[in-house]
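*Asks:* Here the protein sequences come in this chain order: X and G. Under UniProt numbering, the letters of the first sequence match residues 1 to 492, in that order. Under UniProt numbering, the letters of the second sequence match residues 1 to 492, in that order.
If you're looking for bench data, these hints aren't it; they were derived computationally from the structure. Treat the numbers as computed from the prediction; the structure is a model and nothing was measured. A couple of the hints might just be wrong.
To be verified - Lysine-lysine pairs mimicking DSSO-like chemistry, simulated, CA-CA at most 27 Å apart:
| no. | chain 1 | residue 1 | chain 2 | residue 2 |
| --- | --- | --- | --- | --- |
| 1 | X | 374 | X | 386 |
| 2 | G | 477 | G | 76 |
| 3 | G | 402 | G | 453 |
| 4 | G | 98 | X | 302 |
| 5 | G | 98 | G | 374 |
| 6 | X | 297 | G | 477 |
| 7 | G | 453 | X | 477 |
| 8 | X | 477 | G | 76 |
| 9 | G | 402 | G | 374 |
| 10 | X | 273 | G | 98 |
| 11 | X | 400 | X | 386 |
2 protein chains.
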Amino acid sequence: MIIQHKEGIQRKKSEHYCSGSDRIGSELRSVDRPSPNNTNFSHFCPHMIHSSKSIVNELPGFPAPLPFNLETGYVKVDGLNDVNLFYYFIESENDPSKDPLVLWLSGGPGCSGFSGLVYEIGPLQYDFSSFDGGLPSLTLNPYSWTKIANMLFLDAPAGTGFSYATSEPYNSDSKTAQDTVKFLIEWLLDHPRFSRNPLYVAGDSYAGKLVPLVVHEIAKGDEACDTPYQSLQLQGYILGNPLVNYQTAVNSKFIFVHRMGLISDEYYELARKNCNGEFFYVDPDNVPCLNAIQRIKECISKLDPEHILEVNCGGDQPESDEVQSDYRFNGDVLFPSWHDKPWCRKYSYLLSYAWANNPHVQEALHVRNGTISKWKRCYRNIPYVKDVTDVLEYHYVLTKEKYRVLAYSGDHDMVIPYIGTIGWIRSLNLTMDENWRPWFVDDEIAGYTEKYKQHGYNITFATVKGGGHTAPMYRPKECLAMAARWLSNVPL
Amino acid sequence: MIIQHKEGIQRKKSEHYCSGSDRIGSELRSVDRPSPNNTNFSHFCPHMIHSSKSIVNELPGFPAPLPFNLETGYVKVDGLNDVNLFYYFIESENDPSKDPLVLWLSGGPGCSGFSGLVYEIGPLQYDFSSFDGGLPSLTLNPYSWTKIANMLFLDAPAGTGFSYATSEPYNSDSKTAQDTVKFLIEWLLDHPRFSRNPLYVAGDSYAGKLVPLVVHEIAKGDEACDTPYQSLQLQGYILGNPLVNYQTAVNSKFIFVHRMGLISDEYYELARKNCNGEFFYVDPDNVPCLNAIQRIKECISKLDPEHILEVNCGGDQPESDEVQSDYRFNGDVLFPSWHDKPWCRKYSYLLSYAWANNPHVQEALHVRNGTISKWKRCYRNIPYVKDVTDVLEYHYVLTKEKYRVLAYSGDHDMVIPYIGTIGWIRSLNLTMDENWRPWFVDDEIAGYTEKYKQHGYNITFATVKGGGHTAPMYRPKECLAMAARWLSNVPL
């Protein structure tokens, strides 16, 4: 796959005047949003930060030397609490020297970057069909984004995946964003051969909050003429079924379940009327509204919220670790009740628990001994303060910058439905650049797209038809094609 | 699977007074609809009709004696044109003496009942994975409706499947309905041991027009105290993604594609406004409306209309026989370009062409030599006059009778979307009997259902979540559960 990088989008920094004025920060404050301006590293001191890295040539479960270049490592981003963020870096299998560098953040908060790697867009995936209870086998994902980009998967914040801190750190949206930027700068200082590659910050689900915060941090540092920030070749960001705020997610969910035929016209009208269209901030005394919402919840509570057509494995949504205790390993008869039940995606998540907690795997990945007690795909109870409730204004502020943005949505996701994402994009009041149209893979409609712009900023929205909450998990081929085209700056 | 037939629904005839008044026919005429009252067999003469039947113990492609009782045969329904309708009858694998008898009509018009048998609800299916270009293999369908019912699959009208006429017959909606009733009466006279079983008339797609016409014929004959009609133990009818009229199908399609996220809010609003909500009867001078419709068509024309998430095999919708010529048999290298393309459902249709046109198969099925030139799954250009444009009024008239009705819709079908079906059911102005709720299979939501009633009549509507135009093809397990529950008169 050949990526054509159009000239003109590679660099934008020369157009800034390094006036020292914090335009980005002040604009955000002017709209009375929590201001993430407590960055304490405006004068970045890379020598204070420590990192380690290791080349990984072989992995338990994969039958041969890895046919791609994998590096894992740690970057210390907070010396006070000894916060060390773990990453997986995989060089592009195309042209690593020119292909973009994509930093991938999984959502949660608390979901490992490895989840994005092995279940979404990385070069490895589990061979579920051959699983016999031993160490899960790995196979190659033919639709890995490493076919077109250098991919950097990050475990953040501390407590996520293999990232750790020696004392209990303060985790929050803004702190995670700041730590992520520190990570990125340090990582690039340590990998100068990628420092000129176009850089994109990407992620899905809850990372929909973190990605714009990270980009905003970088833009702010860049405008303040901080050299480490200015050295970042940031071109834009990618958002998959992204959270912008919970109100939008919840309100669009009610529209979505109606449109998808999961509730009746009557139920929807009743709720809309009694709740005045607001299903997130509900007056607790508004009994007709609460009743209407309750009726709707009864219709949808047993669906898999991440893909309304998928098997939900029996109703309730257990946490991944609860699933593990339900289906525990038991000698060589694993998952005792598994064979009696229909396959569901959660079972395949269990393989990552078995694999990543294996001592040989951790050794191969160069995980530091004794740093974490148990690896979890998603650490749901991670200590974390959600101190940024809404990132819409961050997007709005970023529309003043020369960024390219891709926001895609699996259109069968009920968690963060595409309807809300279209809604907030439109609320940015940009100029329509390309009208709604289908986009194709193999002459089949893979979804629909539209594009908006404002001066140097542009945002491409795309649905992934038949995709769920993490679209590449359900439509890998289509999502690789989408990413390849968009990163090459050609139409979807 | 045990079917409990509640007492009280078994027979309803005793409540009629055989006054001779044609209430059903006259009601329909009063609403100025095409009256199908030109039945020329109100005094039915069974001795004038000839039939043949054969037991089939083995079938080419199936590796053992059939583990169910299959009978094929012909019934002559029109002596003038020597019209002989071919059928496949499969006894219930549960309790043939008590289980219902379900007459299944495939749509089209011109689609063989065998298509319903082998691709939807019969006990046999093709083993596509093992197909090597020779005679297609057959395997058992674990979700056959023969697990719970005696199934009678009909090729109608003449020209469909193996049905034939020696001279060119007049085919129309009303004629097909009348011939189908003749077939049913004659078949039951010839199979008296099923004459006391509860009888249901069923079918999908275009059969949505034929099923109520058949039921109406029977009800009319019954009220006119014609003995052959009265002998039918008709309890109700089943409609799968049924056509009621093209206007409803087309108008609901525009709502559907909007709700499913295939067109934007703007496109939908533009079309709705400019076309005044009417997309079927469009004023040819209304250019803004035509333009808006055109824009929408461009968004959806390359989808598989029968299931919007399925592969459409490259855009245009070839007829089944065109597909065959594209992917023709070629020595032992069959489907030369097949392996290069993504699998699509149309390829599996080709297997029925290869199988049903094989001389040994036709011999095994006891097809009369020389009666048809080539078997087609669906004979799209069958000579046929669509003389009943709208069956809504037929449904309305039937609401005065004591029938049980099941109308189900695969909710990803764009041909006859569930939205239109809900719409016309509600327009019957019945009383809501059961509110919208999910229905379950294996503790998973299989779809949603609601129920309406009026005196002895009731209609259950159900979506089949993730199903397409012929829902059991996509969701076989769920559809068998639905049919089993509904035929047993227990809630879905």
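*Asks:* Does each hint fit the structure? Answer for all of them.
*Replies:* For each hint, the structure was consulted:
At roughly 24 Å between alpha-carbon atoms, residue 374 of chain X and residue 386 of chain X fall within 27 Å of each other, so this suggested pair holds. Under the criterion of a C-alpha separation no larger than 27 Å, the hint pairing residue 477 of chain G with residue 76 of chain G is inconsistent with the structure, at around 35 Å. The suggested pairing of residue 402 of chain G with residue 453 of chain G holds, with an alpha-carbon distance near 10 Å, which does not exceed 27 Å. For the proposed pair residue 98 of chain G and residue 302 of chain X, the alpha carbon gap of about 36 Å is over 27 Å, so the pair is violated.
As the CA atoms of residue 98 of chain G and residue 374 of chain G are separated by approximately 37 Å, the hinted pair breaks the 27 Å bound. Of the pairs offered as hints, the one joining residue 297 of chain X and residue 477 of chain G holds, with about 25 Å between alpha carbons and a cut-off of 27 Å not exceeded. Taking the CA atoms of residue 453 of chain G and residue 477 of chain X, the gap is about 48 Å. The hint is violated against a cut of 27 Å. Restraint check: the Cα-Cα separation between residue 477 of chain X and residue 76 of chain G comes to about 53 Å, which exceeds 27 Å; the hinted pair is violated.
Among the hinted pairs, residue 402 of chain G with residue 374 of chain G is inconsistent with the structure: their alpha-carbon atoms are about 42 Å apart, more than 27 Å. Straight-line distance between C-alpha atoms of residue 273 of chain X and residue 98 of chain G comes to about 50 Å, which puts the hinted pair past the 27 Å bound. Between the alpha carbons of residue 400 of chain X and residue 386 of chain X the distance comes to roughly 26 Å, so the proposed pair stays at or under 27 Å and holds.
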